[in-house]
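Colleague: Let chain X serve as the given structure and place chains Z, A and L on it in line with the hints.
Protein chains in written order, with my numbering: chain X, 19 to 374; chain Z, 19 to 374; chain A, 19 to 374; chain L, 19 to 374.
To be clear, the hints were calculated from the coordinates, so they are not data collected in a lab. Be a bit skeptical, because a hint or two may be false.
Put simply, identical chains are the same to the list, so a pair is met inside one copy or across any two.
[To be verified] Simulated pairs of lysine-lysine, DSSO-like, Cα-Cα distance not exceeding 27 Å: (1) K93 - K218; (2) K212 - K181; (3) K212 - K169; (4) K332 - K93; (5) K205 - K80; (6) K57 - K218; (7) K193 - K212; (8) K290 - K130; (9) K290 - K335; (10) K276 - K93.
There are 4 protein chains.
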Amino acid sequence: MAGNTFGQLFRLTTFGESHGSAIGGIIDGCPSGMELDIKFVNSELAKRKPGQSSVSSSRKEKDEITILSGIFEGKTTGAPIAFIIPNQDQKPEDYDHLKNVYRPSHADYTYKAKYGHTDYRGGGRASARETIARVAGGAVAKIYLNKFNIKIQAFVSQIGEIKISQEINKINLNKIDNNILRCPDEKVAAAMIKYLDKIKKEGDTVGGMISCKISGCPVGLGEPVFDKLQADLAKAMLSIQAVKGFEYGSGFSAAFMKGSEHNDEFVMKGNKIHTITNHSGGIQGGISNGEDIYFNVAFKPVSTIMQTQNTIDKKGKNVLLEGKGRHDVCVVPRAVPIVEAMAALVIADHCIRHHI
Amino acid sequence: MAGNTFGQLFRLTTFGESHGSAIGGIIDGCPSGMELDIKFVNSELAKRKPGQSSVSSSRKEKDEITILSGIFEGKTTGAPIAFIIPNQDQKPEDYDHLKNVYRPSHADYTYKAKYGHTDYRGGGRASARETIARVAGGAVAKIYLNKFNIKIQAFVSQIGEIKISQEINKINLNKIDNNILRCPDEKVAAAMIKYLDKIKKEGDTVGGMISCKISGCPVGLGEPVFDKLQADLAKAMLSIQAVKGFEYGSGFSAAFMKGSEHNDEFVMKGNKIHTITNHSGGIQGGISNGEDIYFNVAFKPVSTIMQTQNTIDKKGKNVLLEGKGRHDVCVVPRAVPIVEAMAALVIADHCIRHHI
Amino acid sequence: MAGNTFGQLFRLTTFGESHGSAIGGIIDGCPSGMELDIKFVNSELAKRKPGQSSVSSSRKEKDEITILSGIFEGKTTGAPIAFIIPNQDQKPEDYDHLKNVYRPSHADYTYKAKYGHTDYRGGGRASARETIARVAGGAVAKIYLNKFNIKIQAFVSQIGEIKISQEINKINLNKIDNNILRCPDEKVAAAMIKYLDKIKKEGDTVGGMISCKISGCPVGLGEPVFDKLQADLAKAMLSIQAVKGFEYGSGFSAAFMKGSEHNDEFVMKGNKIHTITNHSGGIQGGISNGEDIYFNVAFKPVSTIMQTQNTIDKKGKNVLLEGKGRHDVCVVPRAVPIVEAMAALVIADHCIRHHI
Amino acid sequence: MAGNTFGQLFRLTTFGESHGSAIGGIIDGCPSGMELDIKFVNSELAKRKPGQSSVSSSRKEKDEITILSGIFEGKTTGAPIAFIIPNQDQKPEDYDHLKNVYRPSHADYTYKAKYGHTDYRGGGRASARETIARVAGGAVAKIYLNKFNIKIQAFVSQIGEIKISQEINKINLNKIDNNILRCPDEKVAAAMIKYLDKIKKEGDTVGGMISCKISGCPVGLGEPVFDKLQADLAKAMLSIQAVKGFEYGSGFSAAFMKGSEHNDEFVMKGNKIHTITNHSGGIQGGISNGEDIYFNVAFKPVSTIMQTQNTIDKKGKNVLLEGKGRHDVCVVPRAVPIVEAMAALVIADHCIRHHI
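If we strip away everything but chain X, and leave its shape as in the complex, we get (with noise of 0.2 Å):
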């Protein structure tokens, strides 16, 4: 059980490394008759493409997404999407002198261990890169959950020490794309590019945090036990490169607070239940409750620096690694459309399990 998917009955098989000849995937389990938008789902990986900005990776590549089946006269057919994105700025030749290092936090020591062959380039199957195939995957989840209105928006909430203040039901999350960032606090965001033009010229990286609000989820998503709605969002969210936490709702403030403060009262508004606070993010007993799912996801700073760092080679020897090739400062912003996109397959699958 090596993986590669994800999900129960809405599944998404991906494979692919940085410096193979292309990312990709199978969609298996999407209902049939459903149009498949393509220029949305390539808007989707636009959103995660290296080289949106000055703060982010130079690689250029066009990540458009071929579709190799389960698509007819533009409608799904019940048969498993397989789809394919090139990998097409391919320079292995920049990474001959990682051949034999293990750069510090990353994968490279890791994945030598447990698998002794391995393709070091780029990462292989450890890069970043490999999110493609869940930002496709996602785009076709978003089209299947949009026919229930249910709507996914990420936004980046925090750059290393800075941070928006605001409660995320009070923020305009219509500013999200107003600014490369995918803050959409303008001022928060002003401070952040500051913030990373200087972190930029240490040669150093930094990380952040991304929220993310899912509104107009029905009732009922999620299972009692072991795959609670907001267990299969936390496994989804881990299972991110660089992601170091998650909490929904309350989150770790919960910790602080005392019961009466942090129970949710239910009050009728019309003929709908509604809870007056929505501590519990939406979710009781692992089941959606019909608020809005909101949730925080940590992530650590990218570990390929543009400074001399200590480590050792393959042999065991201590060598210097010097900082060159592509990097972000900030992954932050270009994992705005991943979180969204793990999320969407996980209501995506919950939708299915509860057969709405």
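Modeller: Leaving out everything else, chains Z, A and L in the frame of chain X:
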């Protein structure tokens, strides 16, 4: 896919409601020839037992396991290990007043909406009593891990506003069981007890945090993409009732850090590869690197409080819910064995997946 | 993945050895709100009970089910349904002489080789007594299928050289339970009984065949490629002890046929689509077409015979194995409810997979 | 759970329709460090290629595999192996006359009923062309099995009324590839060719049987209860288009046999445990016992015939379907590599499950 099974190769499937005849489960995939120490299993169950102190629920049950299969002459045979723990102290009449009401922040409403017909007594399947099967399964996993010298130690690091400020690798984990709160810092524990007494008098409850360290893991556990070790740990933790967040290694503080601070440089110690720092939390690229794995889990306050709350009944009418019945002021100390059990299940599963 | 779970969405996980304390299982994925008729379940268990006649094993057990969870006020709640059937008539000392011997065509040798430490008493997990959990699970599946008017009827069509020559759609299936052999053709049944008496006197055993018809299936059950309906039925049947072959529709005789003979032409009957012939056995392209599904299952003779056999012991020494202990002359009549149970599990699983 | 994945630990997920752009798949769980001989994979694909002889379909495709991932410097890396085989000889206009008709004994009707919107061209996902991905996956499995000296050999043992009468262990399997029909008995093969010529002239098709032997299996493959080795083989075979039956070892003839005839007595040969006879077909209690595994698979005649047939269209109107287009008189010789591939996938999966 109703979500009552956890794990891929070392699998636990559980059953049982709070006020049914028994809680239990089936462990499938446990290797043969392993001595199963029932006393150890029962000692683990005792750790999550209610009524251990004035701060926890007063339900009294013996909570001893009965093994129905899979063991012959004291050793596992490779056949599935079924077990039950009878529910003894059932007083379903205690729950008659809850039959028609949706308790705030409980699963009453979402279960009703999802299933129509539900066992409302004591939360039914949503009850924390469900976790006894996890602890039993986890105890078997711990016995299995023991032969590889893999050790899992969780403890209470925060209750409400009172928390341990030391880093995890500086805490003496031998002191965990020195007090009823399972907090290894005695001074902090004393303050917590005082705090909980106050909360109890208010008829209120409070959240907290559990920290966990896994030591002795070989290099290589975890699968690269979706089944990263941290992803499966996150899912395991978020599947526990009342858990609101998970972070590993540097966790949420990584969002504030720079790459130059966060990166763990490799170094040889004797003939073994180690990292100087351990912000990675023992996992790189989703795969254990041989360093200690450590993580934090945030718990919300118990939803059942001894105060009057506003809510609605099944007909949507506003009702006042009075506080009565059994309850814990703080569930966190009793959740320590649950966190360990779920961690043990994840690590055992990945040991078998990795063919160690 | 130790193989004690059957099904994807309607899942049965079983446990128990012949001479352990109980056999049982957990059914996960059974929809909520379904009345569970325990009497019906017990009547199904009674059908596979030993000691029903002079031709079957003399082991006497009550074989009544105890439900531990998942049922509240007589109806399913969507929670896992756990059940046990105690083993009462255990005489492990009967098996002491088998402790060190590999019985011909039993699982003693392969279990020992695979697991090292095994429960040899009465075959342990390999015992046909394991099937009681299948019959219990299948009974619940039948109750579920009943609301769609899907009906499963199996019967004995051959014992040794004596067989029913009629086509399945010409046999009066109401007569199945008219005789102890569950053979709906009375004359054939009488000849079978005579034949079995002879075999019994010889201290021998004999094989046979069970035929099964599933009527009332909606169009659309089954998945196109690997999980074709016939593939899952084949797996279900070959998972039963002593089964050596499976064929559906035209079966092995299809190898002799021409396309012009074998093709089932479509025709309208009223406003419904039907086929004139049914060589397809109710399944086309892996998916049910609304016609009757029918199949045959071949059973080998019981391996325990009342004759002396040559074999070896665990040290590889030649030994003579004398025939003694309980045994069935022919297991086929008692396997009828097992075939039905496994078929019911497959169809129930595919009903849920197909969202009917 | 849409059924496009086969296997638990060595998993093949496939995609592609007859007239889409490509057929392909992802192999997940193949161990790292294995040399992947592409020539061998292509030679396996060539065996199932249409147009090999006058008796098979005239569709002409190069059918060479392109590997997209999982291989580096000629060896597997443990990452998923994705592959595609382009569809080249597509003439969708050939199928326009089939757009609105339900062909007898094809999947047109059941697919339409299940999915609503379907790709009708050449059978779409139901086309036998789908099996090319199975053969590719099976070829990789064969390479893996090769290092354990496990060998899988299938051949045509029957076409229509003409069959090999010898027992499988007396047939010279080195002669399988001596003729286009893959029948190792030359005289029988000659008679088959004559017979097929006659059938072809009639515009008809005919069924047949494939026999298969797996030698070199270690003791211990297979799981005791639901995932018995024969159960997974049966599922694998019945998942192949046109297969109507499966039997292993003594098979259907076991129904006629007595225990005293059927039992396989154990005996030592050198220091190895063997059985004198092998009615068990190399599997006891669901687990391989080290003897040869052998089984038969029955195929129905191809449904596309060159004769006029009665059927209905999508509106339920009676129509005459004329025979035209590409077709095979008998698919059985081309199905030999498919049977081998599916057997290889099952055995490889169970090798990994058994940790060999």
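Colleague: Tell me, please, which holds for K205 and K80 at an alpha-carbon limit of 27 Å: within, between, both or neither?
Modeller: neither (32 Å within a copy, 59 Å between copies)
Colleague: Given a CA cutoff of 27 Å, do K57 and K218 count as a within-copy pair, a between-copy pair, both, or neither?
Modeller: Neither: 33 Å inside a chain and 49 Å across chains, both beyond 27 Å.
Colleague: Checking an output row: K332 and K93, CA cutoff 27 Å. Within, between, both or neither?
Modeller: between (50 Å within a copy, 19 Å between copies)
Colleague: My question is about K276 and K93: at a cut-off of 27 Å on alpha-carbon distance, are they close within one copy, between copies, both, or neither?
Modeller: neither (51 Å within a copy, 37 Å between copies)
Colleague: Go through the copies and call it for K93 and K218: within, between, both or neither, with a Cα cutoff of 27 Å.
Modeller: Intra 45 Å, inter 38 Å, cutoff 27 Å: neither.
Colleague: Is it within, between, both, or neither for K290 and K130, if the alpha carbons may be no more than 27 Å apart?
Modeller: Answer is between: at 14 Å across copies they meet the 27 Å cutoff, but 55 Å inside does not.
Colleague: Given identical chains, is K193 near K212, meaning Cα to Cα at most 27 Å, within a copy, between copies, both, or neither?
Modeller: Answer is within; shortest intra-copy Cα gap is 19 Å, inter-copy 47 Å.
Colleague: For K212 vs K169, is the C-alpha pair at or below 27 Å within one copy, between two copies, both, or neither?
Modeller: neither (31 Å within a copy, 45 Å between copies)
Colleague: For the identical chains here, do K290 and K335 meet the 27 Å Cα criterion within one copy, between copies, both, or neither?
Modeller: Cα proximity of K290 and K335: across copies only (12 Å, versus 66 Å in one copy).
Colleague: Could you figure out if K212 and K181 sit no more than 27 Å apart (CA to CA) within one copy, between two copies, both or neither?
Modeller: Within one copy, since 13 Å is at most 27 Å while 35 Å is not.
Of the numbered hints given earlier, the model fails hints 1, 3, 5, 6 and 10; all others are met.
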